[in-house]
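Protein chains in written order, with this note's numbering: chain A, 69 to 394; chain B, 69 to 394; chain C, 69 to 394; chain D, 69 to 394.
Watch out, some of these pointers could steer you wrong.
Mimicking SDA-like on lysine to any residue, the simulated pairs with C-alpha atoms at most 20 Å apart in a straight line are [claimed, not checked]:
(1) A:Lys-261 <-> B:Ser-336
(2) A:Lys-261 <-> B:Pro-78
(3) C:Lys-261 <-> D:Glu-346
(4) C:Lys-261 <-> C:Pro-381
(5) B:Lys-261 <-> A:Ser-336
(6) D:Lys-261 <-> C:Ser-182
(7) B:Lys-261 <-> A:Asp-342
(8) A:Lys-261 <-> B:His-345
(9) C:Lys-261 <-> D:Arg-126
(10) D:Lys-261 <-> C:Asp-344
(11) B:Lys-261 <-> A:Asn-75
(12) C:Lys-261 <-> C:Arg-126
(13) A:Lys-261 <-> B:Gly-163
(14) C:Lys-261 <-> C:Pro-72
(15) D:Lys-261 <-> C:Pro-343
(16) D:Lys-261 <-> C:Arg-126
(17) D:Lys-261 <-> D:Gly-238
(18) B:Lys-261 <-> A:Ser-150
(19) D:Lys-261 <-> C:Pro-72
(20) D:Lys-261 <-> C:Asn-81
(21) B:Lys-261 <-> A:His-345
(22) A:Lys-261 <-> B:Pro-364
(23) B:Lys-261 <-> A:Leu-76
(24) A:Lys-261 <-> B:Leu-76
(25) A:Lys-261 <-> A:Ala-207
(26) A:Lys-261 <-> B:Arg-134
(27) D:Lys-261 <-> C:Gly-238
(28) C:Lys-261 <-> D:Gly-238
(29) D:Lys-261 <-> C:Leu-76
(30) C:Lys-261 <-> D:Tyr-302
(31) B:Lys-261 <-> A:Pro-74
Pair by pair, the computed Cβ-Cβ distance ranges are [stated by the list, open to error]:
(32) B:Asp-351 <-> A:Val-110: 26 to 32 Å
(33) C:Arg-178 <-> D:Arg-178: 39 to 45 Å
(34) C:Ala-97 <-> B:Asp-351: 27 to 33 Å
(35) B:Ala-229 <-> A:Ala-207: 53 to 59 Å
(36) B:Asp-351 <-> A:Leu-208: 22 to 28 Å
(37) A:Pro-200 <-> B:Ala-387: 28 to 34 Å
Residues on chain B that point at chain C, a partial pick, calculated with CB under 10 Å [as the list claims (entries may be wrong)]:
(38) Met-288
(39) Leu-294
(40) Ile-306
Simulated from the structure, these hints should not be mistaken for laboratory data. Beta carbons are placed, not taken as given, at the ideal position from N, Cα and C, and that holds for glycine.
There are 4 protein chains.
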Amino acid sequence: MPVPAPNLTPPFNTVRLSHVVLGATDLEASRRFYETTLGLQVTDADADAVYFRGMEERGHHCLVLRRATTATAQAVCFKVWSEADLDAAAAFFRGQGRPVAWVERPFQGRTLRSSDPHGLPVEFYHRMDRLPPIHQRYALYRGVKPLRIDHFNCFSPDVDASVAFWSAMGFRVTEYTEDAETRRLWAAWLHRKGGVHDMAFTNGLGPRLHHVAFWVPNPMNIIDLLDLMSTTGYVGNIERGPGRHGISNAFFLYIRDPDGHRVEIYCSDYQTVDPDHEPIHWDLTDPQRQTLWGAPAPRSWFEEGTLFEGLDPAPPTLAAQPIVAP
Amino acid sequence: MPVPAPNLTPPFNTVRLSHVVLGATDLEASRRFYETTLGLQVTDADADAVYFRGMEERGHHCLVLRRATTATAQAVCFKVWSEADLDAAAAFFRGQGRPVAWVERPFQGRTLRSSDPHGLPVEFYHRMDRLPPIHQRYALYRGVKPLRIDHFNCFSPDVDASVAFWSAMGFRVTEYTEDAETRRLWAAWLHRKGGVHDMAFTNGLGPRLHHVAFWVPNPMNIIDLLDLMSTTGYVGNIERGPGRHGISNAFFLYIRDPDGHRVEIYCSDYQTVDPDHEPIHWDLTDPQRQTLWGAPAPRSWFEEGTLFEGLDPAPPTLAAQPIVAP
Amino acid sequence: MPVPAPNLTPPFNTVRLSHVVLGATDLEASRRFYETTLGLQVTDADADAVYFRGMEERGHHCLVLRRATTATAQAVCFKVWSEADLDAAAAFFRGQGRPVAWVERPFQGRTLRSSDPHGLPVEFYHRMDRLPPIHQRYALYRGVKPLRIDHFNCFSPDVDASVAFWSAMGFRVTEYTEDAETRRLWAAWLHRKGGVHDMAFTNGLGPRLHHVAFWVPNPMNIIDLLDLMSTTGYVGNIERGPGRHGISNAFFLYIRDPDGHRVEIYCSDYQTVDPDHEPIHWDLTDPQRQTLWGAPAPRSWFEEGTLFEGLDPAPPTLAAQPIVAP
Amino acid sequence: MPVPAPNLTPPFNTVRLSHVVLGATDLEASRRFYETTLGLQVTDADADAVYFRGMEERGHHCLVLRRATTATAQAVCFKVWSEADLDAAAAFFRGQGRPVAWVERPFQGRTLRSSDPHGLPVEFYHRMDRLPPIHQRYALYRGVKPLRIDHFNCFSPDVDASVAFWSAMGFRVTEYTEDAETRRLWAAWLHRKGGVHDMAFTNGLGPRLHHVAFWVPNPMNIIDLLDLMSTTGYVGNIERGPGRHGISNAFFLYIRDPDGHRVEIYCSDYQTVDPDHEPIHWDLTDPQRQTLWGAPAPRSWFEEGTLFEGLDPAPPTLAAQPIVAP
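Could you build all of it, start to finish, from the sequences and the hints given here?
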């Protein structure tokens, strides 16, 4: 059994993933992409940063673009339940021998920065500025009508180790891919907020950010986005899909932003709040785990990802090869 | 401010609503309705009861029909996080002066039965038989493709009192309707699992069950159900909708089962996991709270509901009148 | 049998309905409604008129708004196959004793103006300015994403007489409602272009224009329009729906423009090109003919309509009452 | 200009494509595929043949499967307007030096069999048995909910010659792909019934049937079919898609039946009834003509097709290479 039992009494209470901070080498072009094509709402902007939220989010931001010379990611960020959870998180990371810092982040209260054992930078906060609801201001909806951030997916050089650490933090595995021969994990999906995942790990040169995903109402919105991107100069930014994942059962599309950061558009996964929710096992050789309908992912999807600032990724310890399009 | 602050350290951890037990005066006809027309999956049946689950549920049942001479409801039932939570729940109800019993329920572990201050019967359990996933067995999908139970809505003779009690249990208000004159609650929606509600209360002769709701993938499934019901002898069972609720922003349809038990088909509400998620206020005089598109609900929707076994409902303390179709 | 046999060798070849010219008492407000909310494309505008087309239309206009002091309609307009058909049409109308005039219309070639026996003004042309395709310029789509004009519906004081005349012109009945007692037609749907109708007649004070309909891709677009109208000040302009018609099997919504002109948003009817396509009979007492799902239409839907310029409507000869919401 | 002007006064009036007769080497397996998975309705069956119609069709059949030792096609079949058109068609084919035969076909009146200049077998009839409407018997809908046959697509060894012949018959070109260098046609789409096509030709070893297409309500039905096929043993029968065609703008999926006959599931093209409807030109080097979203078709899609009974196909005269997935 390659996945650890869920830790039902975790050291601190992570509510959900919150946001990601991405470098943009052409901030104006990237803003245009996320605002006009994807349809995220700009909540603040200055000369060097743009903040976005989804249509149903009341927290100030789920995505921050920062003007940068290289298109790296600063951190993947999470919201905890209470101020006490923030201090408990700090204690947990210190106890694991990880570096801990309290950092200043606009529009947020106290923010803890640390990293997982592979150096993947993570940030936790308790309080972020709250904004008035806009989910019923339908005149503002555009693009793919993104409702909220859904999850992160990161390359890990050792998925077993990543899952062990994140499970200790209270993340619960919902589905996983195993290499039958070695009994090693190829990939795993872990959640806090009651869907299939807040965070996933996939075997590869890492840590790198594989993608950030946004939740949309239904598959028709994804078709609308494809039509729009195909006829507004973004046809080359469509990487994979549309399709139904075997894992998660979600309807998906993968696109690349102007810097190559990968974005998943995602809907239709399922509820996982039960503490006794059983993880689903997939074999690495089953092509339907990737796409239920059988189409393999392109090679770029397995190889390309976003580096984290100042972090050299390590090659994976597991050499198994995924199924790719010829 | 008519809604209490959320209790972020509740006496016990309720994971989610779980199921409802309904009396069926013609068990075969009711089974046909839920199995063939709605599309719930039968997980067990004997001479006097039928158990159902939604397509993504792994717990044994979300609906139990029991052969009965009167079409009452036995209880609204909830799942708690751990066995310790079950004992803590028993202590809580005892502390509130409510009767507490441990009852035997098929396919479930220890089950606590109690009631809220108006006598609304509630049951809590920690462990239910788990079944293999069927959410990717698409040949089994039929009817409205119901994925899971979503919420209960009950008439309450005193919504302020109901909300106070359920808030103390850790349910958090997401939206509410207030009578501007009296500052009394007309209705409130409260959740545990991170959507708009697990439980709602609406002013009226109560306690009575107003409806149980099932989550479906998207509005097209609801249109499919309407077409099916309209042409298979169930056109008279369509009560209200389809439409978009102002409150919850969900796309909805209300139908009546062969005994008149009201079922809502529901999708597209929003995520509410943040502990600082602010409730949305609606005024009782705003017709768009009911249906964003303006159509009022029929009178039956305000007046009819399912009695609970052996419980005489009381008239509401709030006399304000809702907006109904002329 | 109340409907005449189709005339399979008509006196002239009408290709399809083409456009309607409507008076607008506040031209700017009406333009905003059709352009921004409905999403029709403006193809030309001057101080006193605005021309629109749907997203897949290449003819110059399907709707013309003209600044006016009263919100009347000028004519319902049709395209014929060839110039010879135009002359044949003139001969047909003359032969029926109807007035015939050749009128100047911007962006069109020779245009014939006449009227049916009740005085309903009709115009026919052969050539209209053609515009480049925009159906794949997805950045232009907005509102309900209207693709093309679909049909007209007019009140007639004598539906039997209207159907007889229009059948002689080559329009073919696809569905009809009969008053069982009198064997008189209550309403009929007639087509040229291969759908359920280009033109329909319904019993009532007439001739008046009941509505003009635009075809949209699918029901989700209609839901989007409802959400948009409900939250941008147009909730009072939603008159009936959404629903599925029994007659035509189409998914529909009826809205009113700022002058009260009724617009139907329509999709999902069926193909009727076969010359031996049999009309479908509905009884006037069947509520599902209006809405398959059972909801009756509001009284306004039976009583209100757009007058034609300079034409006094006559009361209907058939007194039968439709089914209306209480 | 590589496409001929439309013949607006054709020698006979073809209403629409009607049906195709396909050989099935395992009739039971093929019936199961079309009836249970696709959802066509069986209208008649005997030991050696099964007849199907779509949900809105009233003609007896749009597809005939005949037990066969080789999976060939018998003919592509069309409905003409009147008996006189049938005789005019016979005269036309004789005048073109093509063989003409009157054949017996079950459930049809007089049937003319001939072939185009490449030998592609065609059949025309005027009268087919008519069946009662079932489009509102929603309990019968299953699979992809196929409404009607939409078009044929055939490989032609000389698309210019095919288009010249079929244009003379009154088929009108709506879109075409041209090899810029040679000014030769690579492919063309021609219609009679007012959509993008009843018949298309694509360059290749031919005549062979490339595919037959069925119209479905909307893209969600195609997603449902993919989910169903993927989980009922048909994942290997999914060949290409889902996607949006550049040409036709339709949403599509290509699947293969148990004998490898290719079926397209198709929706969302546009109306083309105007006699002055201008054809749209595509360049052979534009990958978006195949799939607007950029994904190339697999090699099998360009190479594989169904042979016609007793007909040896010829290699194409145009050597240009299409764009294929690597």
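Hints not upheld, ascending by number: Hints 4, 6, 13, 19, 22, 25, 26, 30, 35 contradicted; others consistent.
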